[in-house]
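*Asks:* Quick mapping for you: the protein sequence lines, in order, are chains G and P.
Under numbering that gives the first Met the number 0, the first residue of the first sequence carries the number 0, and numbering increases by one thereafter.
Under numbering that gives the first Met the number 0, the first residue of the second sequence carries the number 0, and numbering increases by one thereafter.
These are computed hints drawn from the structure, not numbers from a lab.
Values in this document were obtained by computation on a predicted structure and should not be read as measured data.
Beta carbons: idealized from backbone N, C-alpha and C, even for Gly.
Hints are not guaranteed to be accurate.
Interface residues of chain P toward chain G, partial, derived using beta-carbon atoms under 8 Å [unchecked claim]:
{"id": "1", "residue": "Ala63"}
{"id": "2", "residue": "Leu66"}
{"id": "3", "residue": "Lys86"}
{"id": "4", "residue": "Leu106"}
{"id": "5", "residue": "Cys111"}
{"id": "6", "residue": "Ile115"}
{"id": "7", "residue": "Lys133"}
{"id": "8", "residue": "Pro136"}
{"id": "9", "residue": "Ala148"}
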Amino acid sequence: MKYAFFPGCTMAYRLQFAEKSIRMVVPKFDIDLVDLPFTCCPEPNAVRALSDETWLTFAARNIALAEAEGLNILTACAGCHESLSMAKHELDRKPEKKNKVNSILKDLGLEYKGISTITHVHQLLFDEIGIETISSKVTRPVPIKVVTHTGCHLLRPERVLHVDNAEVPVKLDLLCEALGMEPLDYMDKTMCCGAGVRKTNSVTSYAVLREKMTSMEMVEPDAVVVFCPTCFVTFESGQKVANRIFGTDFKFPVFYYTELLAIAMDIPETDLLLAEHRVKLDLPKRDETKKEAEMDMGDSIASSP
Amino acid sequence: MGDNTQDQLLKDLKERARPCFQCGICTSSCPVFRVAPELNPRLSVDSIITRGVVPREGNEWLCAYCLMCDQRCPMGVSLAEILMEIKNISAREGKAPPDVIEAALSLMQDGCLSPISSRSEKIRTELGLPDLPKAEPADVLKLFKATGALEVLETNKAAQEEASE
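Given only the sequences and the hints, what does the whole structure look like? Please build it.
*Replies:* In structure tokens, the structure reads:
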């Protein structure tokens, strides 16, 4: 299966190691990724707030690029996923909007048709590949306790996105369990990380983050697992800012799910990913004898089942 | 903007807000309200329904667009979308906050919201990630012009300059 890969601005230019983990993992499930000249999705809370029409047209251009290649889109960021999915929902339901957008895209030699689907890595792993197949690839379980945060823009609006139950999301927990982790239930699991207002009103944004992380802290997890680069940055870097503002003492390691998946599948060079983390977590080391065997045989042989 | 357009916008918003019976689950579910009660989606909708006034005193920009209100409304009123419409109206009046203007400018210049620095490109290379193809800047500008964003940006720039005088 081949997808037009949409890493999004935040992942591509701030969380490169998370993008790397996706590119490490998906080929093992026979998925190929194609890169296209996408723009920002655009981010729903800044660009769309300025002009709904601009947001819709940019999103349509992105989708039209994939359609021209006959590809479906694979998103990696909750924000991009929501933005593109909402735009598609609008365009497919409102012909007058679609016509207007297409009259603009024509000038770029593009047309939005409504034939490409938008799938997030979360859906690819849970709905398409499935827990059973993922479990079968795990050779190096990760025995840690985690809290999961699926992210607002993967859960809501539930009527459009259908990624998981928006009030009681469980799929990311099950994906974590498949890697040997223990997901912990916690209050405010579906609450926002606060990123949406970080630049408009930072104290308010970090107060939202404080509320969220206080609830996480109550169940004493080893780490936080997310499926959105923006939530990742908010938790990992934002907790330090929250500590400075509110005198809290958060120091949670944060992971984008596919990083842990890459580790659990014992894909070589995952240390590269973890080196970029600002809060480290000691995970069980790779089996040294195996590592040496790999060096002898080469990666391609070692990674085949 | 002409009065006719304003009237039509208010009429549309009223229609969308109409099923609301002011139960307040939107506000009690709002993570921003929890820490900054000046953002109150229930009151925003109340203002539209009972006073016929689109509330845009600035609090609309506190909405994080997390859609919790949207999810929980028992009447299917999409409060986050109503707030988004209010932000659009507010932006056309030159009241967009600086970070929103910045985001739009960044999209117009780089086609991307995160600044693409030489360091961020270097990390991509070090990790063996591919160079991502970029959109034609001329195409990006065309979309900005054709969708009216350039005009909204000009209005906000003028308003900012006026405020600083």
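*Asks:* Would you settle whether the hint for Pro136 (chain P) is holds or violated, based on the nearest Cβ-Cβ distance to chain G being less than 8 Å?
*Replies:* Since the shortest Cβ distance to chain G is 10 Å, the answer is violated.
*Asks:* Answer holds if the nearest beta-carbon of chain G is closer than 8 Å to that of Lys133 (chain P); otherwise answer violated.
*Replies:* holds, 6 Å
*Asks:* Hint validation: Leu66 (chain P) versus chain G, beta carbon distance must be below 8 Å. Holds or violated?
*Replies:* At 4 Å from the nearest chain G Cβ, Leu66 (chain P) passes the 8 Å test, so the hint holds.
*Asks:* Does the closest beta carbon of chain G sit nearer than 8 Å to the beta carbon of Ile115 (chain P)?
*Replies:* Holds, about 5 Å.
*Asks:* How about Cys111 (chain P): closest beta carbon in chain G under 8 Å, or not?
*Replies:* Hint holds; Cys111 (chain P) Cβ to chain G Cβ min 4 Å, cut 8 Å.
*Asks:* With 8 Å as the cut and Cβ atoms as the points, is Ala63 (chain P) at the interface with chain G?
*Replies:* holds, 3 Å
*Asks:* Less than 8 Å between beta-carbons is the criterion; does Leu106 (chain P) satisfy it with respect to chain G?
*Replies:* Status holds, d = 5 Å.
*Asks:* For the restraint on Lys86 (chain P), tell me whether the closest CB of chain G is nearer than 8 Å.
*Replies:* holds, 4 Å
*Asks:* Going by Cβ atoms only, is Ala148 (chain P) closer than 8 Å to chain G?
*Replies:* Since the shortest Cβ distance to chain G is 4 Å, the answer is holds.
Going through the hint list in order, the structure does not satisfy hint 8, though it satisfies all others.
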